[in-house]
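Construct the complete structure from the given sequences, taking the supplied hints into account.
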Amino acid sequence: NAGVTQTPKFRVLKTGQSMTLLCAQDMNHEYMYWYRQDPGMGLRLIHYSVGEGTTAKGEVPDGYNVSRLKKQNFLLGLESAAPSQTSVYFCASSYVISYEQYFGPGTRLTVT
Amino acid sequence: DAKTTQPPSMDCAEGRAANLPCNHSTISGNEYVYWYRQIHSQGPQYIIHGLKNNETNEMASLIITEDRKSSTLILPHATLRDTAVYYCIVSLLVTGRRALTFGSGTRLQVQP
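Going line by line, the protein sequences match chains X and F.
Position 34 (the first sequence) corresponds to 34 in our numbering; numbering is contiguous.
Basically our numbering = 1-based index in the second sequence + 1000.
These are calculated hints, taken from the structure and not from any lab test.
This structure is a prediction, so every number in the text was calculated from the model and none was measured.
Some clues are possibly wrong.
To give a feel for the contact side, a few chain F residues facing chain X, derived at Cβ under 8 Å [stated by the list, open to error]:
no., residue
1, C1012
2, S1041
3, P1044
4, F1102
5, S1104
Straight-line C-alpha distance at most 25 Å; calculated SDA-like pairs for lysine to any residue [to be verified]:
no., chain 1, residue 1, chain 2, residue 2
6, X, K9, F, K1003
7, X, K57, F, S1104
8, F, K1003, X, E100
9, F, K1052, X, V96
10, X, K57, F, L1092
11, F, K1003, X, P61
12, F, K1052, X, E100
13, X, K9, F, L1092
14, F, K1003, X, G58
15, F, K1003, F, S1028
Think of the CB as a built atom: it goes at the ideal place given N, C-alpha and C, for glycine as much as any other residue.
Structure (structure tokens):
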């Protein structure tokens, strides 16, 4: 099993550009999450999904959109990137009732 | 979710036990204590969890006080690879709709 994978690993955007981050998991997990982590801080939840075709807002959803068209994939979109969105983005997944979330390796995004 | 308080940093000598404290004085009766760690900006990794009783697995031991207002994560024989940020999190069992809330954690430095 590859676990949770994220694409791309690194990206540099100019202000106003758009992009999509892809998260994929092969553990048949129902729940998936997108977090962001700013320097020296803990993770903050952006959006999450409790199943295929469903999404919900987390703690810091503004400026982001998500989609869960397939159970194994969770996409995070930035329609018009801003410097404040410079961060490391982590995807995670879990079973419906679980003690453990499985995290991907992260995507480092810089917006100039 | 109950708030947690952890020291910002700790040092430990290689081969010795690392004892990481966590205060969670507002924990409710059905909330679990989870520990995760993050090694060098990788995705967080689950370590252990507990409700009331002390717990042990291949990675660590978790000691929860009888009043459940504090806990200690113990790495019995710390190695250089245990250098990481350790997060103590209090949350309900079902993590799907209540994603984990990561604070600033404790930065553990294992010294050779």
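To see whether the hints hold, each was checked on the structure:
The interface hint given for F:C1012 is violated, since its Cβ lies 21 Å from the closest Cβ of chain X, which is over the 8 Å cut-off. Checking F:S1041 against chain X by beta carbon gives a least distance of about 7 Å; that is within 8 Å, so the hint holds. For F:P1044, the shortest C-beta to C-beta distance to chain X is roughly 5 Å, which falls under 8 Å, so the interface hint holds. At a threshold of 8 Å, the smallest CB-CB gap from F:F1102 to chain X is about 3 Å, leaving the interface hint in force.
A least Cβ separation of about 6 Å between F:S1104 and chain X falls short of the 8 Å threshold, and the interface hint therefore holds. Taken as a hint, the X:K9 and F:K1003 pair is broken in the structure, with Cα atoms around 32 Å apart against an allowance of 25 Å. A distance of roughly 22 Å separates the Cα atoms of X:K57 and F:S1104; the hinted pair therefore holds under the 25 Å criterion. With a C-alpha separation of about 19 Å, the suggested pairing of F:K1003 with X:E100 holds against the 25 Å cut-off.
For the hint linking F:K1052 to X:V96, the alpha-carbon distance of about 22 Å falls within 25 Å, and the restraint holds. For the given pair, X:K57 sits about 19 Å from F:L1092 by alpha-carbon distance, which is consistent with the 25 Å threshold. Among the hinted pairs, F:K1003 with X:P61 is consistent with the structure: their alpha-carbon atoms are about 22 Å apart, no more than 25 Å. Only pairs whose Cα atoms come within 25 Å are accepted, and F:K1052 paired with X:E100 is accepted, the gap being roughly 18 Å.
Between X:K9 and F:L1092, the direct Cα distance comes to roughly 32 Å. Violation of the 25 Å bound is thereby established for this hinted pair. Among the hinted pairs, F:K1003 with X:G58 is consistent with the structure: their alpha-carbon atoms are about 18 Å apart, no more than 25 Å. Among the hinted pairs, F:K1003 with F:S1028 is consistent with the structure: their alpha-carbon atoms are about 11 Å apart, no more than 25 Å.
Consistency note: the structure conflicts with the earlier hints numbered 1, 6 and 13.
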